[in-house]
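Asks: Protein chains in written order, with the numbering used here: chain A, 1 to 110; chain B, 1 to 287.
Honestly, the hints are just simulated from the structure, not real lab data.
Where a beta carbon is used, it is the ideal one built from N, C-alpha and C, also for glycine.
A couple of the hints might just be wrong.
Calculated from the model, a selection of chain B residues having no Cβ within reach of chain A, i.e. all distances over 10 Å [as the list claims (entries may be wrong)]:
hint : residue
1    : Ala-189
2    : Glu-234
3    : His-253
4    : Pro-270
Derived DEER-like restraints, expressed as beta-carbon distance ranges [unchecked claim]:
hint : chain 1 : residue 1 : chain 2 : residue 2 : range
5    : A       : Glu-43    : B       : Pro-214   : 32 to 38 Å
6    : B       : Gly-202   : A       : Asp-28    : 22 to 28 Å
7    : B       : Ser-49    : A       : Gly-18    : 50 to 56 Å
8    : A       : Arg-56    : B       : Gly-202   : 51 to 57 Å
9    : B       : Gly-192   : A       : Gly-18    : 18 to 24 Å
10   : B       : Arg-111   : A       : Ser-61    : 54 to 60 Å
11   : A       : Ala-83    : B       : Arg-281   : 44 to 50 Å
12   : B       : Ser-260   : A       : Glu-52    : 44 to 50 Å
13   : A       : His-67    : B       : Arg-281   : 53 to 59 Å
14   : B       : Arg-281   : A       : Arg-16    : 51 to 57 Å
15   : B       : Arg-170   : A       : Asp-19    : 51 to 57 Å
16   : A       : Glu-75    : B       : Ser-260   : 26 to 32 Å
17   : B       : Pro-270   : A       : Arg-16    : 17 to 23 Å
18   : B       : Gly-192   : A       : Glu-52    : 43 to 49 Å
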Amino acid sequence: MSPTYIARSSAVAARRLGDEMVVISALDSTLFSLSEVAAVIWEAADGRTPLEQIVRERVCSRYEVDHPTALRDAEEFVRALAAHGILLASEQPIEAPPARAAASAGGMQP
Amino acid sequence: MLTSTTSGISNFRAFDPPGLHPEFSRLGLTIEIGGLALRVRAPGPEFWSLLAARYSNFVRPESRAEMEFELFAAPPGPLSAETELQVRCENGRWLVSRGEFRAAFDLRSRRGQLACIPNPYSVDTLLRIVHSLLLAPAGGLLLHASGGIRGGRGFLFSGVSGAGKTTMARLAPPDVQVLTDEISYVRNAGGGFRVFGTPFAGELGIQGENVCAPLAGIYLIEHGAANRLEILAEAEAARRLMRNVLFFARDAHLVSQVFSTVCELVRRVPVFRLEFLPDHRVWEIIQ
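Chain A on its own, in the form it takes in the complex:
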């Protein structure tokens, strides 16, 4: 099975507020709240480290969870965020973030 590489999209902004990591998609203003474990994966998503390695070194070493279970949850998390375009997933290392999204249609009504 090919490794999965993950990287944060450049079209997002993220801030840690208290115990939570809050991420916003600048494309559609959708907000995401990441759990503690998800935030660990998010912060490690550098485009060069395989997901399996992130889970083994950053998750399983810190939390009481077996590797298959943690990897399955992590893959589900990656799929969900990738579907919203805020996390990039590839079978190849991701070298550079994509160009910034262009300004487009409106958001909230005045």
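For this one, chain A is given, so just place chain B on it according to the hints.
Replies: Only chain B this time, still in chain A's reference frame:
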């Protein structure tokens, strides 16, 4: 389950109109909100008078305008069914449309035009959009909220339509200066966040007072069976406040700036969830 989903002034350069035609000056009106002045030129004296009355608390002829807009009466014709506001940026030029409302402006040249049915609501829309775009990089935002100043401190009551924004403004005791019952103007003024009055009126139908104060608290309001106050954690406060921010452009950089402002806001200003009964006693717990 690792995630849960929930659903920019200090450096403005003053605008110095070069060689204006006398008619331009005669029908121009400088409207200053949140310390930022925009000048509009009405297409005729009747509309000018309407605007002068509508924005009377905010007309500042002596202020130097940061941007200037020429208004045109939209040509008569059947009303458009278009209801969704469209905002887009092409080569630095912002284009805004909804039905007969057509605006174009450039934040760099600080000039723009608006073609609309001549009513104050069209100008309200223009002002809200332009202010929201200018506030984003300056650490400010427009919020769906009523507000007031009491004892030199500013309070905001934020919520969706029907949550009770106008009710809170109506219930304000006599010693409260009402800032607005619909759209509040918040700016990070260096030493902290300040809230300003706006002319943007909701059901109350009157413009706010043109005053400002340090922002002391934000209340996310909803009708309830009793008056009940609960302070919110920063993340929850940010999530809920973001839903009530007025922002129109899906520009990644600007959205990030607004998000950053909201995060800073919840760190520096307490945010409460307020359930309330619609009577005057609710103001007893605002402090």
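Asks: Each hint should be assessed against the structure and marked as holding or not.
Replies: Structure-based check of all given hints:
1. Look at Ala-189(B): its CB is around 21 Å from the nearest CB on chain A, clear of 10 Å, so calling it non-interface holds up.
2. Separation of Glu-234(B) from chain A is inadequate, the least Cβ-Cβ distance of about 4 Å not exceeding the 10 Å criterion.
3. For His-253(B), the condition that its CB be more than 10 Å from all CB atoms of chain A is violated, with the nearest at approximately 7 Å.
4. At the 10 Å boundary, the C-beta of Pro-270(B) stays outside the reach of chain A, the nearest C-beta of that chain being 14 Å off.
5. With their beta carbons about 35 Å apart, Glu-43(A) and Pro-214(B) fall inside the hinted range of 32 to 38 Å.
6. Between Gly-202(B) and Asp-28(A) the beta carbons are some 27 Å apart, a value that agrees with the proposed interval 22 to 28 Å.
7. Range check, Ser-49(B) to Gly-18(A): Cβ separation about 52 Å, and the 50 to 56 Å hint holds.
8. For the pair Arg-56(A) and Gly-202(B), the beta carbons lie near 55 Å from each other, so the given range of 51 to 57 Å is met.
9. Roughly 20 Å separates the CB atoms of Gly-192(B) and Gly-18(A), a value that falls within the hinted 18 to 24 Å.
10. Hint check: Arg-111(B) to Ser-61(A), Cβ distance near 59 Å, so the stated range 54 to 60 Å holds.
11. Our hint of 44 to 50 Å for Ala-83(A) and Arg-281(B) holds, since their Cβ atoms are close to 48 Å apart.
12. One distance hint, 44 to 50 Å for the beta-carbon pair Ser-260(B) and Glu-52(A), is violated here, with the actual separation near 33 Å.
13. Between His-67(A) and Arg-281(B) the CB atoms are about 58 Å apart, so this pair conforms to the stated range of 53 to 59 Å.
14. A hinted range of 51 to 57 Å for the beta carbons of Arg-281(B) and Arg-16(A) is inconsistent with their spacing of about 38 Å.
15. In this structure, Arg-170(B) and Asp-19(A) break the distance hint of 51 to 57 Å, their C-beta atoms being roughly 38 Å apart.
16. At roughly 31 Å, the beta-carbon separation of Glu-75(A) and Ser-260(B) lies within the given 26 to 32 Å, and the hint holds.
17. Evaluation of the 17 to 23 Å hint for Pro-270(B) and Arg-16(A) yields a pass: the beta carbon distance comes to about 19 Å.
18. Look at Gly-192(B) against Glu-52(A): about 47 Å separates their beta carbons, and that is inside 43 to 49 Å.
Violated hints for the displayed structure, listed by number in ascending order: 2, 3, 12, 14 and 15.
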